[in-house]
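Asks: Chains A and B supply the protein sequences, listed in that same order.
Residue numbers 1 to 659, in the UniProt record's numbering, belong to the letters of the first sequence in order.
Residue numbers 1 to 659, in the UniProt record's numbering, belong to the letters of the second sequence in order.
Worth flagging that the hints you see were computed from the coordinates, not collected in a lab.
Just so you know, not all the hints are guaranteed correct.
What the hints assert, rightly or not - In silico DSS-like links for lysine-lysine, alpha-carbon gap of 25 Å or less:
#	chain 1	residue 1	chain 2	residue 2
1	B	617	A	534
2	A	617	B	583
3	A	534	B	621
4	B	583	B	534
5	A	534	A	583
6	A	621	B	534
7	B	583	A	621
Model, not experiment: these values are computed from the prediction.
Here is what each chain is made of, one letter per residue.
Protein chains: 2
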Amino acid sequence: MAEDPITAFPPQLSLDVPELTAVLDGRHAEIRTAVRTLLPSYASLLDDAERMSRGEYRERVLEVVQEMAGSGATGMGFPPEHGGGGDIGASVAAFSTLAYGDLSVLVKTGVQFGLFGGAILQLGTERHHGAYLADIVSGRLLGCFAMTETGHGSNVQALGTRATYDAETREFVIDTPTVDAGKDYIGNAAAHGRVAVVFAQLEVAGEGHGVHAFVVPLRAEDGTVLPGVRIEDDGPKMGLNGVDNGRIWFDGVRVPREALLNRFADVTEDGTYVSEIESQGRRFFTMLGTLVQGRVSVASAGVSAAKVALTIAIHYALRRRQFETGNGEDGEEQLLLDYGLHQRRLFPRLARTYALHFASEVLTEDLHDVFSGIRTDEESRRLLESRAAGTKALATWLATDVIQECREACGGAGYLSANRFAALKADTDIFTTFEGDNHVLLQLVGKSLLTDYASEFSDLDQLGMVRFVAGLAVETVLERTSVHKLLEQIRDVLPGGGSDEWHTDSGLLDPDYHLAMYRFREEHLIGGAARRLKRGVDSGANAGEVFSEVQEHLIRAARAHVERIVLEAFVGVVEKLPDGDNKFALNLMCDLHALSGIEADAAWFMEHGRLTTQRSKAITKEIGELCRRVRPIAGDLVDAFAVPTEMLRASALLGERTA
Amino acid sequence: MAEDPITAFPPQLSLDVPELTAVLDGRHAEIRTAVRTLLPSYASLLDDAERMSRGEYRERVLEVVQEMAGSGATGMGFPPEHGGGGDIGASVAAFSTLAYGDLSVLVKTGVQFGLFGGAILQLGTERHHGAYLADIVSGRLLGCFAMTETGHGSNVQALGTRATYDAETREFVIDTPTVDAGKDYIGNAAAHGRVAVVFAQLEVAGEGHGVHAFVVPLRAEDGTVLPGVRIEDDGPKMGLNGVDNGRIWFDGVRVPREALLNRFADVTEDGTYVSEIESQGRRFFTMLGTLVQGRVSVASAGVSAAKVALTIAIHYALRRRQFETGNGEDGEEQLLLDYGLHQRRLFPRLARTYALHFASEVLTEDLHDVFSGIRTDEESRRLLESRAAGTKALATWLATDVIQECREACGGAGYLSANRFAALKADTDIFTTFEGDNHVLLQLVGKSLLTDYASEFSDLDQLGMVRFVAGLAVETVLERTSVHKLLEQIRDVLPGGGSDEWHTDSGLLDPDYHLAMYRFREEHLIGGAARRLKRGVDSGANAGEVFSEVQEHLIRAARAHVERIVLEAFVGVVEKLPDGDNKFALNLMCDLHALSGIEADAAWFMEHGRLTTQRSKAITKEIGELCRRVRPIAGDLVDAFAVPTEMLRASALLGERTA
């Protein structure tokens, strides 16, 4: 059992902020520092954005993106032979640090280097790499990632755009058959994209082979839209108005046979379709799987946005006074951060931001290992995909929630554009939707859990999954999950191990207790979802109805799974730290995060016999106590995020802290 | 006991939508219909807003506000002798219907007629009414309500602006002593306001008398800012950019003695301060109390904004299909609204919007009765103030929550400005802050609960309240609360009355069960807060610390109180309806709202022995079942809000529904 932190807790913590920043920055401190140094060079954009027209804003963002490209920060993930940095982990770290700055710059960077460049790199072969990558990395060739259509965003296997092979001319003919099959919300489409990676249903000699990706030119060098291509501006958006999103329709656009990004499938000159992956579904999901970096990047960006909001709100609360309480000098009003409620609003969110930071770091390392060939097994790849989907969902909801609470905690001043919340809120709002709708992503996670990441089931759709699970014994589903094995281990470790009372003896601040609770919840919810799916199918209902009824339960199981791996990531980091006040502080954050998570789901834990009403009340009390302990170090805890002062742009809120 | 709606529930409901609209519109159907007819005349503003410069937008909004004034819709609350409609309830109904349209128009309307006009009407006397009201009601004289300062938003008793009486010249001298004492976020200040009602610390012959209101000219007829007045534009805001918010500083601005709005206090020519209300605090809160209509109006506007979002999201989900599930025809994808999770996301929010609609209606009637002299007792006035504060908090948080969920439920399309979420989200964001920060408002409610609305304690600040409560026996606090008496009654009504088991026998859909649960929670939380305050003071801690520690508990008690009165309002309406499908539908909404509220706080109910784990699970299951019952009537339920089609502005989302 871990040492009881209560008794060991020093009365007054003295944090080493640069050292804490180093812990947060981890392996990629160097690139993070480099990007932090670059950010102030376009800090004025944060002000200018609200004065400029949409057109001007877009041009200015393009300039900045191209400058960033020149610095090398945006090309870290590409092979050195094409001008890249050859370090995938560093590329995510750079992206996440860029997220402290203007978010249109961030998203245009993501579109250009992550989505467009990433698709060429991952789905293409040497002929495409040689032809495009150097120009993409340098920012000379702007491009689009044209997957989403007006009619299909989540169910991209059902895209409407068609690519028909014409064996005679050895060309693909790209067509948009209906208005709803038009590509939509495509970044770089409305103004700057010269080519697009277009996802379309491939048809060869009358036979359909599912969705494949093609390089399709959109504009001539002078910017003129090419014949057969029709582009429409998506118009003003809630945020991210520095990114030129648009719609694209194709009318018989011909591209050479070589335009097919042919890493996973090809069409021979004479019109024979060849692929090493037989199943259409699995082939498509294999392609999608190579694009997982986008989700990893958005997750990390969501965490960064939350950090900016917390930095502003906590420093504001350390400056702003309201109402006399008799605590201070006579007639002096009390600091907002000294109010219990204010602490309750901000500190658990701060703790959760720390948790998702470290979870996002683990995810980034997984990505790095899988895509740098350090881990080559199929299971690592599947785990990565599931982890990326789940972390992206939780991190982007975190951003929405934290930014909103921080804005409210800054009152009317938080509403002025001169402070950063307006842009932060508007720009990040779409994070919960792009790179996969969060609920759909958690559904994917749930499916992976129930099918144990087995690659042979990766091409199952919802209905296939329902039928597959219904065909297994629930015990089989459960025994195959990794959490089941973990839970077995923890049962032995905890006092009262094996009995149903394993939770009652352990200390509230014992990480083993937290983990046991999170793991129990996960296993129980997965088992329950499997049981309900099975029962539904057995009772003769159709798979669609069964899925609709169990969907919420399945997503809850998925969420519990992701919460568990997030907590494990945080606990793992804290354990490894050398003793000292920084470790105490992170331990405090970790406890606060873990207990807040149990408190938020206390009803479920009680319903399932894992929490007594007394203990539930004790947890709520303990959270209040932890908040009071965080109070003196709250400023240091946000300063450790090291958001450059120029990026806070909150002069009215923070006074002398900003330039 | 009420009839069990399960057995009585008809298999297929057929709603009479116009009749349901009539139920929602209530007594003020006429003015609501009139405003609904006016709204489309400026529907183009919704489109134009994102194309226009901030300056153009402001001018266009001014035009519309003046047109609305011409129609009589905005002056409903003023006395007929000054060009008003003489119907306070109708004025709130008109305002809430205006909230279906552009929200800059709404807020400028609120500033001009509610805040500025309201202050002249409520705080002034005949000399002010005669001089200003007709021009205010007609929209000829634009003005400001200059209360909030950069340094003080919530604690307005501590405002810094000074008004010193100069007996020699019989003038008040208005001064801003520090930068932070500048008036801030003041609507109509940056461009259109010619005069302002300025709240300032009155000093007469060296003696301070607390905050009073003065009519102070800001601009000459040609718009030139007058000498001694300095005005700064607040600049771009997250939303509401059609309203010209600004900052105002005064440097020795002289106004005649008659500029004091002297309903509650006056200064005689020779410089004697006179007031019928002795206590400075109570005098100030009496003044503030007359301005309660602003909170009532914002509450109703928040509900309206939620209705617009739900109308769009539910109709989108009735059109949008994604993923094949095998439920429909072969190859057909499933409607979003047929997914269990989608129902779970939208329907409890729809039910809560209904609940807050009716709660806001009851509040409006209370306002009408108190301000039309129908109820003249002091207690009615205190109850109104508390109800207004609490309903405003819940209704505006509802708006933030509902709009966010609806945006996410509409995916990427919800992010385009061409649909309404961008403006809805940005414009309503400040609703949780203006007219009182929601947490501070709930604190006021909590204070009222603990002091039983007793007028003799209305001038207590936080510390005074802590000391007052600490001086009472907890039983005394409890017995004085209205919920205590209610709970006594309900105990007798319910099966097992009097025992601790009163809740286990009753049906899940019995409104008496719901009400008993809500009342129990309220009483228990109030008692707990009182006990903790008492214990803290008894233990020797200073009142400020005690308050900080109990603050969250107190706010929770306040919230429970407001939740109870919201539910009572809803149950009250449903009970009175004639039998029929509409009644069934509203009953369904009411049950869904009540049970969702219990589910959201299930941990608390279990902790306090009022919910068994079995019953808690049963409630969750029942909510799923209710959602499935709502599914076929969901479209009708939002159509009953009768948001004019032109206001939905969601052509991309709703297709043929919009023009």
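Asks: Of the numbered hints stated previously, which ones are contradicted by the structure, given in increasing order?
Replies: 2, 4, 5 and 7
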